[in-house]
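Engineer: Each chain sits in its own coordinate frame; assemble them with the hints.
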Amino acid sequence: MHIPDGYLGPTTCGVFYAVMLPIWVIASKIVKKTLKARQVPLLAIAAAFSFVIMMLNVPIPGGSTGHAVGAVLAAILLGPWAACIAVTVALVVQALLFGDGGITAIGANCFNMAFVEVFVGYYLYRIFSYGSGVSSNRRVIAAGIAGYAALNIAALSTAVMFGIQPLLHKTANGQALYCPYGLNVAIPAMLGEHLLVFGWVEAVVTALVIKYLQKQAPELLEEGGR
Amino acid sequence: MGALSFFKESIYAEECASRSGYLQYLDARIKVLIIFLMVLCVMLSKDIYAIFSLYLFCLLLSVSSKINILFFLKRTWVFIPLFSLFIALPAIFSIITPGEEIFGFGAAGFRLSITRQGLMSAGIFLIRVLTSVSFVILLTLTTRNTELLQALRIFKVPQLFVMTTGMCYRYIYLFVEIIENTYLAIKSRVGILLPHKKGRYIVAWNIGSLWQRSYYLNHAVYTAMLSRGYTGEPKALHEFKASVLDWLSLLAVLILITLVLYLGDTGI
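Line by line, the protein sequences are chains B and X.
Taken in order, the first sequence gives residues 474 to 699; the numbers are from our numbering.
Taken in order, the second sequence gives residues 533 to 800; the numbers are from our numbering.
A couple of the hints might just be wrong.
[To be verified] Quick list of in silico lysine-lysine cross-link-like pairs, DSBU-like style, CA-CA up to 35 Å:
no. : chain 1 : residue 1 : chain 2 : residue 2
1   : X       : Lys729    : B       : Lys688
2   : B       : Lys643    : X       : Lys719
3   : B       : Lys684    : B       : Lys505
4   : X       : Lys598    : B       : Lys643
5   : X       : Lys578    : X       : Lys688
6   : X       : Lys773    : B       : Lys502
7   : X       : Lys598    : X       : Lys729
8   : X       : Lys606    : X       : Lys773
9   : B       : Lys505    : B       : Lys688
10  : B       : Lys688    : B       : Lys502
11  : X       : Lys719    : B       : Lys684
12  : X       : Lys773    : B       : Lys505
13  : B       : Lys505    : X       : Lys729
14  : X       : Lys730    : B       : Lys506
15  : B       : Lys684    : X       : Lys730
16  : X       : Lys719    : X       : Lys688
17  : B       : Lys502    : X       : Lys730
18  : B       : Lys643    : X       : Lys606
19  : B       : Lys502    : B       : Lys643
20  : B       : Lys506    : B       : Lys643
21  : X       : Lys773    : X       : Lys729
22  : B       : Lys684    : X       : Lys729
23  : X       : Lys688    : B       : Lys688
24  : X       : Lys730    : B       : Lys688
Hints were generated in silico from the structure; no laboratory data involved.
Okay, chain X solo, but in the shape it has when bound (with noise of 0.2 Å):
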């Protein structure tokens, strides 16, 4: 991914986690309780239909979230349920999934055909793998990053490690500036493709590079935490405060998954 783009991409994220949605109006805290008790439903889930009417819920959420619907299929459909299409598309041949014929071709002595289990075990894994990368992507598009980091709390995570993934957050930018000035630097002064191993070497030398600045880097951020009041231990800021919505929301969410599961598992 290319610095503009990354950086385009996040900016964006950042912009539609500020709009008067439905999801971003929740509480962080609740609202990742409510997004991962949806990703576990999707994964618990035995039945098509009852993941493909989560996956109809999901982009219910994002349009009633001002989340531009075309933009979230192609957000969501880029890259990873893209790949597991092609990942998939061998498992409907009786070659690897062995059942019921639907449709079959020869040549030579060798048959080639497409089996019901086939279809069934690629079509429920696709669903499965596009509805919960959907479901995480509302996630971030409607979750300022700072205060996902912190809603992690809820889950019992150290304060250490959030704030150690909150700082990770941010330095990933200013890397990602340091490299593309280094790319820029080197494009400017060499002008032409450079030859693979050339290229490697580059590569190389930028994470060395990249490595020494921020060992360096260390020394200057813990003496800034201190001047800003760090004494050894952690501290959140920010507070969160659940309302009536919220709770009325979770509710409303474990029943979904109630009654999908259910519902799923007796083939209604």
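One chain only, chain B, in its complex shape (with noise of 0.2 Å):
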């Protein structure tokens, strides 16, 4: 899901760089105002933690692998403003020290999984865990619908960026200048491989560590979850 730089028009990167923009300045005064002095270096670790989840392949029926981004995890473990800010410097990480996704993408990719994925998994999960125990099984079925659904979500946003490029941008003899495809393309193309694969990876991923944490640290889902 990570979009490298060219496959987005200046039009687009500069909007999503404008939206999170007072979305990183309200995360920061959030995280401030809630994150105690002695936390400071948790945000760090979240978020070089949210980047080795990247890197760890999951295997999935068939002998392939698959990865999960775990935005709905960090959301569920640190609440979903320390979430945002963990997965975007994840990502600039990634992108400017590795050359994993673009550097005029960064707006667009942390709308997508800093953003998105971020804050519809974090709600999803709280509505569906609602009244439950920290032990409860309905907190494990609840990471994994949000999971699911939040990484589909933001496969979505990810489609409909690309989408749009032929027709924001295009020569006067109808040649592409971006990602060369539609959104009649992009939509099934983005999403069937995530509704079939990657959603699932992500579903299981978030749900079995959540079952982990409540077995062997209950304080851990108890703290990150307000």
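Structural biologist: Quick look at the structure:
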């Protein structure tokens, strides 16, 4: 889902930088207010955690592998605003230091993964786990549903960004300048693979990690959800 | 990516950054600005030849920075541009991009043709992605990571964010090592290829365990920060100094960008 440089035109890149700027400012203010001084390194540690999750290959039926984004997991464990910053930092490190994901597309990538996926996932988890105890099975199911739905909504948002490129940027003779596929191709292609494969990877990983923490460190689930 | 190749690539990038090439000599702030301007120029350019000339310029920069050209080509073509090539291929056909036919074939009443507009769309898309990726990788190969993050201050990125990014970068190595050791321990005990269901459980337990360790690590890190004089406000110790060569390089790049955009737009 990481959009590299060259896929999106200047309008889309500019708009999503402009959209993300106030979100980053609000997130910083909220996190500064709620995070205790001794928890400052937690943001960096959470960002590194988010980065490493994206590196882990999860086995899928048929012998292949896929990877989770981990944004919903970060949101459940840290709360949505801190997760927004953590995933943003992970994406910036990926783009700047490892050349994975574009510099011009950082705004768009952060909108999809650090905003849409984080907030949709967090609130779905809160709705489905409402009133349940820390060790309740409902929390595991809620985490799975939130992971699956949030990743697919983020994938839809990415597909729309790709799909509008031929509408926004085309030469007079019909030649596309950026991503050459319209909405009729981009949406089914992106959603198909996420609905069938990557969504399930995200759901299974998110649910199993919550199950693990319920057994091994339930206090961490109580801290983050607030 | 395996942990070993991850470490190998990082160490090699640091080694490249310490060579005495042209880009390594530049002030990190000016270099970041130059590369960002080049990527922006690649994004704004509408002419395939203009973008191709920027790609050649990028290769020239890599040679002048003492980066092995074969290594650079391999590093930049794999994975994003190669993936983009496969993505771009269907766009050359008339079913995606209708237009002036160059070559066509048909069977059972169905005709498929390659169009000039389709070829140009796929070509400009591919060369744009390749050139952008090449410039960014050139930046990472010629700049020490700590300097690169500190250089973000010229874009008025808050110091807290820069500090968090720098700390995140260091923890990535620690976490990759923890994960690698855990997998090695599992492999040495299990000794067989695990079924995919069990494999998923192991990945999830690893992530859960990593978060548990990370959370408890937080306290130790904060205590270490306090012992080194952290007062709640992050401070940058590294000070940059731009030389005449830095300003001349920036000026030359600005002229090049203006020319490329002007000539590209006017179709000269």
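Engineer: Now, for every hint given, state plainly whether the structure supports it.
Structural biologist: Here is how each hint holds up against the structure:
Of the pairs offered as hints, the one joining X:Lys729 and B:Lys688 holds, with about 20 Å between alpha carbons and a cut-off of 35 Å not exceeded. With a CA separation close to 53 Å, the supplied pair B:Lys643 and X:Lys719 exceeds the 35 Å bound. Simply put, B:Lys684 and B:Lys505 have alpha-carbon atoms about 30 Å apart, close enough for the 35 Å limit, and the pair holds. This hinted pair does not check out: X:Lys598 and B:Lys643 have alpha carbons roughly 39 Å apart, beyond 35 Å.
The straight-line distance between the Cα atoms of X:Lys578 and X:Lys688 is roughly 30 Å, inside the 35 Å bound, and the hint therefore holds. Taking the CA atoms of X:Lys773 and B:Lys502, the gap is about 32 Å. The hint holds against a cut of 35 Å. Only pairs whose Cα atoms come within 35 Å are accepted, and X:Lys598 paired with X:Lys729 is rejected, the gap being roughly 47 Å. For the given pair, X:Lys606 sits about 33 Å from X:Lys773 by alpha-carbon distance, which is consistent with the 35 Å threshold.
Using a Cα cut-off of 35 Å, the hinted pair B:Lys505 and B:Lys688 holds, with the two alpha carbons roughly 31 Å apart. Of the pairs offered as hints, the one joining B:Lys688 and B:Lys502 holds, with about 33 Å between alpha carbons and a cut-off of 35 Å not exceeded. Distance check on the hinted pair: X:Lys719 and B:Lys684 sit about 23 Å apart at the alpha-carbon level, within 35 Å; holds. At roughly 32 Å between alpha-carbon atoms, X:Lys773 and B:Lys505 fall within 35 Å of each other, so this suggested pair holds.
Between B:Lys505 and X:Lys729 the CA atoms are separated by roughly 41 Å; this puts the pair beyond 35 Å, and the hint is violated. Of the supplied pair hints, the one linking X:Lys730 and B:Lys506 is violated, its CA atoms being roughly 42 Å apart against a limit of 35 Å. Between B:Lys684 and X:Lys730 the CA atoms are separated by roughly 15 Å; this keeps the pair inside 35 Å, and the hint holds. At roughly 47 Å between alpha-carbon atoms, X:Lys719 and X:Lys688 are farther apart than 35 Å, so this suggested pair is violated.
Annotation: proposed proximity of B:Lys502 to X:Lys730 is violated, straight-line Cα distance about 42 Å (limit 35 Å). The straight-line distance between the Cα atoms of B:Lys643 and X:Lys606 is roughly 31 Å, inside the 35 Å bound, and the hint therefore holds. Under the criterion of a C-alpha separation no larger than 35 Å, the hint pairing B:Lys502 with B:Lys643 is inconsistent with the structure, at around 40 Å. Annotation: proposed proximity of B:Lys506 to B:Lys643 is violated, straight-line Cα distance about 46 Å (limit 35 Å).
Restraint check for X:Lys773 and X:Lys729: the C-alpha separation of about 55 Å exceeds 35 Å, so the hint is violated. Restraint check for B:Lys684 and X:Lys729: satisfied, since their Cα atoms lie roughly 15 Å apart, inside the 35 Å limit. At roughly 44 Å between alpha-carbon atoms, X:Lys688 and B:Lys688 are farther apart than 35 Å, so this suggested pair is violated. Proposed proximity of X:Lys730 and B:Lys688 is supported: the alpha carbons are some 18 Å apart, at most 35 Å.
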